[in-house]
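Respectively, the protein sequence lines represent chains A and B.
Numbering-wise, the numbering used here comes out as the position in the first sequence, counting from 1, plus 3.
Numbering-wise, the numbering used here comes out as the position in the second sequence, counting from 1, plus 407.
Quick caveat, the hints were computed from the structure, so don't treat them as lab data.
Fair warning: there could be bad hints in the mix.
Residues from chain B shown here face chain A by an in silico Cβ test under 10 Å; the list is partial [stated by the list, open to error]:
id : residue
1  : D575
2  : M579
3  : Q631
4  : M637
5  : L638
6  : H695
7  : A855
What follows is a list of derived Cβ distance ranges for each label pair [unchecked claim]:
id : chain 1 : residue 1 : chain 2 : residue 2 : range
8  : B       : K535      : A       : A136      : 13 to 21 Å
9  : A       : A41       : B       : G849      : 31 to 39 Å
10 : A       : A31       : B       : V847      : 43 to 51 Å
11 : A       : A85       : B       : N814      : 33 to 41 Å
12 : B       : Q811      : A       : A41       : 29 to 37 Å
13 : A       : R80       : B       : G849      : 21 to 29 Å
14 : A       : R80       : B       : D827      : 21 to 29 Å
15 : B       : I842      : A       : A31       : 33 to 41 Å
16 : B       : E845      : A       : A41       : 35 to 43 Å
17 : B       : P834      : A       : A136      : 26 to 34 Å
18 : A       : E214      : B       : E802      : 27 to 35 Å
Below, computed lysine-lysine pairings styled on BS3-like, alpha-carbon distance capped at 25 Å [what the hints assert, rightly or not]:
id : chain 1 : residue 1 : chain 2 : residue 2
19 : A       : K73       : A       : K142
20 : A       : K73       : A       : K160
21 : B       : K535      : A       : K73
22 : B       : K812      : A       : K209
23 : A       : K190      : A       : K142
24 : A       : K73       : A       : K209
25 : B       : K805      : B       : K818
26 : B       : K812      : B       : K759
27 : A       : K209      : A       : K190
28 : B       : K636      : B       : K516
29 : B       : K759      : A       : K21
30 : A       : K133      : B       : K535
The C-beta atom is built at its ideal place from N, Cα and C for all residues, glycine as well.
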Amino acid sequence: MAPLNELYDAILNGDAKKAHSATEAALAAGTPPMELIACSMVPAMDEVGRLFEAEEYFVPELLLAGRAMKSAMSLLRPLLAASGQKMSVRAVIGTVKGDLHDIGKNIVASMLEGSGFEVIDLGSDVSPEKFVAAVEELKPHVVCMSALLTVTMPAMKTTIDALQNAGLRTKVKVLIGGAPVTSQYAKEIGADGYSENASGAVGLVKSLLAEV
Amino acid sequence: MAIPAVDGLLYGVSPHPLSCGLGLTIGGGTVFPEVNFTLPPMNIAEDTWADVVAHYEQMAGHILRRAVALGVPGIVLEFELLPAMTDRPEWGAEITAVLKRHLTAFHEKHHIGCALRVTPTDIRDQQKPPLMRTGEPWQRLRRSLELCAEAGADILSIESIGGKEVHDHALMYGDFSGIVFALGVLAPRDMSWLWRQIGSICAAHPGTVSGADSACGFANTAMQLAHQKMLPEVLAAVVRVMSSVRSLAAFEQGAVGPSKDCAYEGPVIKAITGYPISMEGKSASCAHFSPVGNIAAAMCDLWSNESVQNVRLLSGSAPEAFTELLAYDCRLMNTAAASEGGALQMRNWMTKSDEWLSPQAAVLSPAATIRIAGAIVAAGTHYHRTIAAGRAAVEILKDGVARQKINISRKEQQWLTRMDEALEAFPPDERTLAIEMEEVYGGLYDKASYGL
């Protein structure tokens, strides 16, 4: 099997070891890193996403595919950096201050990574100041915030206000999500978008950035 | 087992009824509503605290007003602290005192039995990896438990999170070894330690009983993710059953119930210990949807709404509306139980209604409960009991598929086979598994927090 197909199948099957070895083989054969990303990795993750949407895959298969993709990327990243090429989109993600729930946020982070985005996960209970500092330092295209509790939802607005006060709001798209969050709430607090599930969040990021 | 026979497992009746609070006996033949309520979206801060207190004053007033109007035979209020109220223990204690004042006045005026369950938030996972037995979060949690007991809590409960730091990760990756390690090794070790602490706090506060725990952070997380098609339903159902063992550990350390409403593992606990349980199902749709709407009530002693926000509905406030729902549910169950054989008939109808609607319901029937409880008590350690519970759950689901009682997808059936094989391949002792798991998850948990 050609290395490109091997890598595609390894990611689809969530096999990190095979993804790593297939990437090594492809690079040794002279395949350019960007070709591996464009011809194997992104199509594989697109197929994983399709299978998840069709309820053929559950989150474990999705995350294992993401892990396989990361394994391959660990070989490609240094090569891309050396050649001056960058990942196209950078996202900062976190659960807002006062909220320790992070499963939903972790799923979104993994799906964004699986879609080829660079994701910086700030963790849970993230203060507005920490979000602001991350935006200042890392200059992401997108900030994603999650909350599970009704009483921590207001921290999303506090964070957006903090970005505004720091003069950063126009430089970044803000997405919110979580069980009690609604699209109406997103509008009320000035977020750019809301998704009710993880796969929707990925599509939303893509569509928002396409508008830029 | 306290209840060895399927037909002995009835709602409203427990071999060890619990007398607590103000003239209330739970599990003595009557099912009571347990009403749980929370704030609408709002900040909890110094400058909003007066509004927070006003919400709880209003909710208690509305709930008890409806309880009187519908002539409930007794009632339990549950106050689940929000994280900020545990972080600042005095806040949780203040609300506890407010609610107890309402219940005391209600009892004195209407002579209706009542009790206040108070459930501080387990905030020990504020740092990574979480420190379970030391550190500031644990000190604040302990203080919260003490102050709530002092302020009038009749029943202390918690939804503890020991082992969750590994379980979350293992669940998301479908790693069954990690799931068993979390549920069968880490969680029971933390539960045993934590419930000794809670027991000592209750012993120092006469009138406060050591209630029970819930595997909410484990099994309900799995159930809700399965409900959203993110995890296999069969995996969530097996996780539910295996979580019984860690919840049982509270009772091994002196807890007397009632088991928490969101602990759908409650029937197994009732069968083994004979202590009363609280359950939630169709009337908890204010908080979440459920695949076990009726069957969850089949063996309950308290019937709960899980949690409702203080928002306005056409009828009135949502907490008052859901008090009415619970009150009528309980009236029907108690009316049926007043007739000869009525409780068993009603239980069987509630069971038949849902039993094969989902894997989660299939492991919740009285027959499944007795089968699972029997498998647990026949095994020795928490680790072996967790595996035994998992095997029993898989067998029940396989039987359901073989008898064409339950319809699950090909993909779900593959997961069932995968779990079946995994359960046969575990090492013979927890020490071996712990060594294996340390290599995979060692960075996620603090060994000393689990006595490892």
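Here's how the hints hold up against the structure:
| no. | hint | in the structure |
| --- | --- | --- |
| 1 | D575 | holds (6 Å) |
| 2 | M579 | holds (6 Å) |
| 3 | Q631 | holds (9 Å) |
| 4 | M637 | holds (4 Å) |
| 5 | L638 | holds (5 Å) |
| 6 | H695 | holds (9 Å) |
| 7 | A855 | violated (21 Å) |
| 8 | K535(B) / A136(A): 13 to 21 Å | holds (19 Å) |
| 9 | A41(A) / G849(B): 31 to 39 Å | holds (37 Å) |
| 10 | A31(A) / V847(B): 43 to 51 Å | violated (30 Å) |
| 11 | A85(A) / N814(B): 33 to 41 Å | violated (54 Å) |
| 12 | Q811(B) / A41(A): 29 to 37 Å | violated (47 Å) |
| 13 | R80(A) / G849(B): 21 to 29 Å | holds (25 Å) |
| 14 | R80(A) / D827(B): 21 to 29 Å | violated (40 Å) |
| 15 | I842(B) / A31(A): 33 to 41 Å | holds (36 Å) |
| 16 | E845(B) / A41(A): 35 to 43 Å | holds (39 Å) |
| 17 | P834(B) / A136(A): 26 to 34 Å | violated (45 Å) |
| 18 | E214(A) / E802(B): 27 to 35 Å | violated (54 Å) |
| 19 | K73(A) / K142(A) | holds (22 Å) |
| 20 | K73(A) / K160(A) | violated (33 Å) |
| 21 | K535(B) / K73(A) | holds (23 Å) |
| 22 | K812(B) / K209(A) | violated (43 Å) |
| 23 | K190(A) / K142(A) | holds (24 Å) |
| 24 | K73(A) / K209(A) | holds (20 Å) |
| 25 | K805(B) / K818(B) | holds (14 Å) |
| 26 | K812(B) / K759(B) | holds (11 Å) |
| 27 | K209(A) / K190(A) | holds (19 Å) |
| 28 | K636(B) / K516(B) | violated (49 Å) |
| 29 | K759(B) / K21(A) | violated (48 Å) |
| 30 | K133(A) / K535(B) | holds (17 Å) |
Consistency note: the structure conflicts with the earlier hints numbered 7, 10, 11, 12, 14, 17, 18, 20, 22, 28, 29.
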